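Please build the complete structure, drawing on both the sequences and the hints.
As given, the protein sequences belong to chains A and B, one line each in that order.
Everything in the first sequence is counted per the UniProt record's numbering, starting at 1 for the first residue and increasing by one.
Everything in the second sequence is counted per the UniProt record's numbering, starting at 1 for the first residue and increasing by one.
Please keep in mind that the hints were generated in silico from the structure rather than gathered at the bench.
Predicted model, so just to flag it, every value in this text is computed and none were measured.
Beta carbons: idealized from backbone N, C-alpha and C, even for Gly.
Incorrect hints may appear among the rest.
Cβ-Cβ distance ranges computed for the label pairs, FRET-style [stated by the list, open to error]: (1) A:T395 - B:E208: 51 to 57 angstroms; (2) B:D152 - A:Y286: 39 to 45 angstroms; (3) A:K514 - B:N432: 32 to 38 angstroms; (4) A:I393 - B:E208: 36 to 42 angstroms; (5) B:A21 - A:K139: 36 to 42 angstroms; (6) A:N544 - B:E537: 23 to 29 angstroms.
Each chain, letter by letter, is given below.
Protein chains: 2
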Amino acid sequence: MSTDTASLKAEVDRLRLDLQALQATSGAKGISIGNYLLTRLAQLGVNSMFGLPGDFNLGFLDVVDDFPDIDWVGNCNELNAGYAADGYARIKAGSLGVILTTFGVGELSAMNGIAGAFSEMVPVLHIVGTPSTIQQKTKPLLHHTLGDGRFDAYRHAASHFSIHNAYLSDKATAARQIDDVLTACITKARPVYLTLPTDMVNVEISSERLKIPLSNAPASNPEQTEEFVLDLIDQRVKEAEGDVVVIVDACVIRHGCREEVKDFLKQTGFPVYATPMGKTAVDENYKRYGGIYVGSLTNPVIKEKVENAKLIISIGSLLSDFNTGNFSYNIPTRRHIELHSGHTLVQYGRFDGVGMKNLLPKLSDRLKSFHSVSSKIEVPAFIKELPHEDSAIITHKWFWPRLSFFFKPKDVIVTETGTSNFGILDVPLPANAVMVSQILWGSIGWSVGSCLGAALAARETGLNRTILFVGDGSIQLTVQEISVMIRKGLKPIIFILNNKGYTIERLIHGKHRKYNDIADWNWTSLLNTLNDGNKIETASYTVNNKRELSDLLDDASFASADKIQVVEVIMDALDAPLSLVRQAELTGKGNTYGKP
Amino acid sequence: MSTDTASLKAEVDRLRLDLQALQATSGAKGISIGNYLLTRLAQLGVNSMFGLPGDFNLGFLDVVDDFPDIDWVGNCNELNAGYAADGYARIKAGSLGVILTTFGVGELSAMNGIAGAFSEMVPVLHIVGTPSTIQQKTKPLLHHTLGDGRFDAYRHAASHFSIHNAYLSDKATAARQIDDVLTACITKARPVYLTLPTDMVNVEISSERLKIPLSNAPASNPEQTEEFVLDLIDQRVKEAEGDVVVIVDACVIRHGCREEVKDFLKQTGFPVYATPMGKTAVDENYKRYGGIYVGSLTNPVIKEKVENAKLIISIGSLLSDFNTGNFSYNIPTRRHIELHSGHTLVQYGRFDGVGMKNLLPKLSDRLKSFHSVSSKIEVPAFIKELPHEDSAIITHKWFWPRLSFFFKPKDVIVTETGTSNFGILDVPLPANAVMVSQILWGSIGWSVGSCLGAALAARETGLNRTILFVGDGSIQLTVQEISVMIRKGLKPIIFILNNKGYTIERLIHGKHRKYNDIADWNWTSLLNTLNDGNKIETASYTVNNKRELSDLLDDASFASADKIQVVEVIMDALDAPLSLVRQAELTGKGNTYGKP
Numbered sequence: 001m002s003t004d005t006a007s008l009k010a011e012v013d014r015l016r017l018d019l020q021a022l023q024a025t026s027g028a029k030g031i032s033i034g035n036y037l038l039t040r041l042a043q044l045g046v047n048s049m050f051g052l053p054g055d056f057n058l059g060f061l062d063v064v065d066d067f068p069d070i071d072w073v074g075n076c077n078e079l080n081a082g083y084a085a086d087g088y089a090r091i092k093a094g095s096l097g098v099i100l101t102t103f104g105v106g107e108l109s110a111m112n113g114i115a116g117a118f119s120e121m122v123p124v125l126h127i128v129g130t131p132s133t134i135q136q137k138t139k140p141l142l143h144h145t146l147g148d149g150r151f152d153a154y155r156h157a158a159s160h161f162s163i164h165n166a167y168l169s170d171k172a173t174a175a176r177q178i179d180d181v182l183t184a185c186i187t188k189a190r191p192v193y194l195t196l197p198t199d200m201v202n203v204e205i206s207s208e209r210l211k212i213p214l215s216n217a218p219a220s221n222p223e224q225t226e227e228f229v230l231d232l233i234d235q236r237v238k239e240a241e242g243d244v245v246v247i248v249d250a251c252v253i254r255h256g257c258r259e260e261v262k263d264f265l266k267q268t269g270f271p272v273y274a275t276p277m278g279k280t281a282v283d284e285n286y287k288r289y290g291g292i293y294v295g296s297l298t299n300p301v302i303k304e305k306v307e308n309a310k311l312i313i314s315i316g317s318l319l320s321d322f323n324t325g326n327f328s329y330n331i332p333t334r335r336h337i338e339l340h341s342g343h344t345l346v347q348y349g350r351f352d353g354v355g356m357k358n359l360l361p362k363l364s365d366r367l368k369s370f371h372s373v374s375s376k377i378e379v380p381a382f383i384k385e386l387p388h389e390d391s392a393i394i395t396h397k398w399f400w401p402r403l404s405f406f407f408k409p410k411d412v413i414v415t416e417t418g419t420s421n422f423g424i425l426d427v428p429l430p431a432n433a434v435m436v437s438q439i440l441w442g443s444i445g446w447s448v449g450s451c452l453g454a455a456l457a458a459r460e461t462g463l464n465r466t467i468l469f470v471g472d473g474s475i476q477l478t479v480q481e482i483s484v485m486i487r488k489g490l491k492p493i494i495f496i497l498n499n500k501g502y503t504i505e506r507l508i509h510g511k512h513r514k515y516n517d518i519a520d521w522n523w524t525s526l527l528n529t530l531n532d533g534n535k536i537e538t539a540s541y542t543v544n545n546k547r548e549l550s551d552l553l554d555d556a557s558f559a560s561a562d563k564i565q566v567v568e569v570i571m572d573a574l575d576a577p578l579s580l581v582r583q584a585e586l587t588g589k590g591n592t593y594g595k596p
Numbered sequence: 001m002s003t004d005t006a007s008l009k010a011e012v013d014r015l016r017l018d019l020q021a022l023q024a025t026s027g028a029k030g031i032s033i034g035n036y037l038l039t040r041l042a043q044l045g046v047n048s049m050f051g052l053p054g055d056f057n058l059g060f061l062d063v064v065d066d067f068p069d070i071d072w073v074g075n076c077n078e079l080n081a082g083y084a085a086d087g088y089a090r091i092k093a094g095s096l097g098v099i100l101t102t103f104g105v106g107e108l109s110a111m112n113g114i115a116g117a118f119s120e121m122v123p124v125l126h127i128v129g130t131p132s133t134i135q136q137k138t139k140p141l142l143h144h145t146l147g148d149g150r151f152d153a154y155r156h157a158a159s160h161f162s163i164h165n166a167y168l169s170d171k172a173t174a175a176r177q178i179d180d181v182l183t184a185c186i187t188k189a190r191p192v193y194l195t196l197p198t199d200m201v202n203v204e205i206s207s208e209r210l211k212i213p214l215s216n217a218p219a220s221n222p223e224q225t226e227e228f229v230l231d232l233i234d235q236r237v238k239e240a241e242g243d244v245v246v247i248v249d250a251c252v253i254r255h256g257c258r259e260e261v262k263d264f265l266k267q268t269g270f271p272v273y274a275t276p277m278g279k280t281a282v283d284e285n286y287k288r289y290g291g292i293y294v295g296s297l298t299n300p301v302i303k304e305k306v307e308n309a310k311l312i313i314s315i316g317s318l319l320s321d322f323n324t325g326n327f328s329y330n331i332p333t334r335r336h337i338e339l340h341s342g343h344t345l346v347q348y349g350r351f352d353g354v355g356m357k358n359l360l361p362k363l364s365d366r367l368k369s370f371h372s373v374s375s376k377i378e379v380p381a382f383i384k385e386l387p388h389e390d391s392a393i394i395t396h397k398w399f400w401p402r403l404s405f406f407f408k409p410k411d412v413i414v415t416e417t418g419t420s421n422f423g424i425l426d427v428p429l430p431a432n433a434v435m436v437s438q439i440l441w442g443s444i445g446w447s448v449g450s451c452l453g454a455a456l457a458a459r460e461t462g463l464n465r466t467i468l469f470v471g472d473g474s475i476q477l478t479v480q481e482i483s484v485m486i487r488k489g490l491k492p493i494i495f496i497l498n499n500k501g502y503t504i505e506r507l508i509h510g511k512h513r514k515y516n517d518i519a520d521w522n523w524t525s526l527l528n529t530l531n532d533g534n535k536i537e538t539a540s541y542t543v544n545n546k547r548e549l550s551d552l553l554d555d556a557s558f559a560s561a562d563k564i565q566v567v568e569v570i571m572d573a574l575d576a577p578l579s580l581v582r583q584a585e586l587t588g589k590g591n592t593y594g595k596p
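Below, the structure is given as structure tokens:
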């Protein structure tokens, strides 16, 4: 089915659902609201639900527990659960992540996780078990309240970080509210918020609507505007004589356009580069792929190729500071075309409603005639190269290239804010490997919770190993979630870069200040402490030098990832990938701390 | 200085500060805004600051690092830091807790901690390091933003959980804004929120205002209303022929009225009882103290004494579900007088503006004539009694009385939501022991962070040991903060009640459901894993039966708390204090889960 047809089909279904909401459905088969919600989630490919029990969601948890297609994960805390739902959604393309918390105490703990999903455009549903509809009216001084009768304060706070909210209180509208909130979540790729009062969970409603599936297909583009845009871009490419470069970015991944982009590149032969947040939007072993473009921090060879092209087509761009070398793109508007999820920019002109998912297939068709010319444009090879260093110390300059020989196709690679997010940019990943990072929101500790969700999703979708890179500072924020990985039988490889503190902060400011120090944990005893009654096999290693790391990576048993493993990597406190050093300097300047 | 005089002195100072804001102070000695803030905090008795570094607060952290009177704690994550600030404020009467976070990612993670302080009336200042004033105007797509230019979303969300907010952006008003936010915090005993942009930290302002201290003294009571209230209460006590019972509750502690209450009780001889949240508001070895009143869940002997008194005077009451046996007070309004921080209720009449801190000394004077009668009213002894049980298993029924023999004067006892919060109610604590719990907000995991703050405050104020009681479920939410206790050389005794999951939830609903299960950690290896490079001495124990626990408690070295210690206490998954069993049943009913 073409993207366009999918859009039309989705529109028909949405209209049918609207119609149905207005028709009597008293004769239809009944289903409880709790089960209606779960059935919708299962239809959308959700097989795991994150969160914690709390007395206002226990009734719904009974329903979850009894529901065959969705597994209750049971996290250690709500922030971690939010991160896990985010990681899960990032891997399960087209589906969403779901977190269930309890009124007040639970939901507020998850807020940073949800806000991160908002910022980074990840579809997450936050279900909050609340006091009953009666209690919400009579407002008794219940535990988990603010003590002043404001039962709506939490939802007001949450509304800043979700694009759609539904507060269930009426069985007549519940199904529609659930459908609307889910549709918003999957079409806009942003968090949504749903309150489920204790007394609504088991109320029976009609199951009729469940026959019509929900769709994440975007609306069709306005026909005439789209035609105009196609003509315009065609003309511009002609004027550029096919000297075009494509930059892929975060929203290609978030709005499910990987396939459309792949086909566009194949048909046109245009060279392609990725931003940090767009890494793995295009397979990094694709022969026309040249590596990472990040403004002034770009490798000079790539920078020259990108910025000197006569025309640059950005797809799904997200121009945040850490994604652009601190806003240092050197691409003038008159040579720039930007395809976004809901609009298109051609030089100075903006075309609202023309979204990339439907536009790309037509654009491929229009521009394929340039293939013979464009496919001859030289693309620098983005290859693995291990630098020779005399010192035995593990440096970032050596570490990431060395790891690149360890990665396999379909690996899921999760990197934490800090040295890992920058280091991974320097090396190519194998075909169908997926990289997950949180470059815009940049909340330290996110990667640990996210790794849990990603590993579950990877297992559900038949991906390969899950590999986490996290610093010793960041992992301390969310460390308990490793216990849930163990309990769920997941087998990630967790590289803990032990550089004695917050290295990214040291580089930005306060290099030797004690506020950037942390406690030096006993990392190799961590899995033992967090194990579930010593039932699960684990392994932990410390590597102090290049040789020890290389030997470990070359060990077939280690590489097979047949158990959960922690590798403590000893690194220097001030060593970092060059791109981070330069980014940190720019960030520090922007913050104008004043006298030191 | 009498309370009244303190009120007048505070009012004079506030007027002077107002005056000064209108006068030119260009000739005054300069001080940076960062140092102004810290000086104010030091004046208010703050010696520790909680939080995490983030690039928007690093400049201010330099100032903190260089400031001699305030120690930077450096937590593992922001939620824990919020809990720690809460625990610190609870112990340091008259002072406040302070947490410093960074824009977005940091501050949102702390939100549940702050909301808990709001609910429970704890004075906490949340300082947020934000982008510079210029960036806040130009709104670049910075990391830690939502990607849509809404730089004010976080502060809007925070405003639901603070009673006063100040967003610094102008040097002319900065000092006054800081003073106002701090005054609101300490007088209303609630959280406040302050944003500190990177470029404001080192801006010089006048230090003139620092000469006038800030005060937490409440405003004077309106003279004539107060006189009327005193007459009225005097009359009611006469009619009751001195048959009066006093109930002390949370706000006695929160609004710093312990001394006034103590004197009131001594002068009048009235019998006194405490609610769960009011425990230790009055010394539990005071001869006229009879134990805990918690509505229908009360020990029948106490219940009869309280509810049959002709007049009941509640001081600082907070009538939440868990504090009242699910709203089961049997005290008719016509026999009830309530003294609150800002108003007084005499039977059906409400007297706004008449606050207890100023009223109590006058009331003591008025009612002391009843001492000869009232001091003869019998008060049931609240004594330690160890029940005999044949079984070796450690039960709650035995555990808490056994522990009561272990407690010493001036111990700080922190209890977690769940079995601990209820179990501790059954036993009396020694003189000047302080109990800290979060009964209204009830966020599980809170006690671990709070214990860190409480232990620091205890050390600063010369209290005795800090003893934490927490379940194996709750501690998993916030466990990493134990690492900070170790690093800071604190020596709490941590009792982990290992009952294999969320026992309080099991009692409310889902007794055998797997969503109430958790991973079974290796608790005795925890301190080793979280230690700081194995530098600090620690000790861990598992006690499987009564004998092992008793032997440990009787060990002088253990009891001396000369190092940090973990005691894993093996208990049955479904065992709980009787009052929790009954409360859970009532809560479950209120939640009307529908069919199981």
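Hint check results:
In this structure the supplied range 51 to 57 angstroms holds for T395 (chain A) paired with E208 (chain B), their Cβ-Cβ distance being about 53 angstroms. Between D152 (chain B) and Y286 (chain A) the Cβ separation comes to about 42 angstroms, which falls inside the hinted range of 39 to 45 angstroms. About 35 angstroms separates the C-beta atoms of K514 (chain A) and N432 (chain B), a value consistent with the hinted range of 32 to 38 angstroms. Checking the proposed 36 to 42 angstroms range against I393 (chain A) and E208 (chain B) shows it is violated: the Cβ atoms sit about 54 angstroms from each other.
Checked against the hint of 36 to 42 angstroms, the C-beta distance between A21 (chain B) and K139 (chain A) comes to roughly 39 angstroms, which is consistent with it. Hint check: N544 (chain A) to E537 (chain B), Cβ distance near 26 angstroms, so the stated range 23 to 29 angstroms holds.
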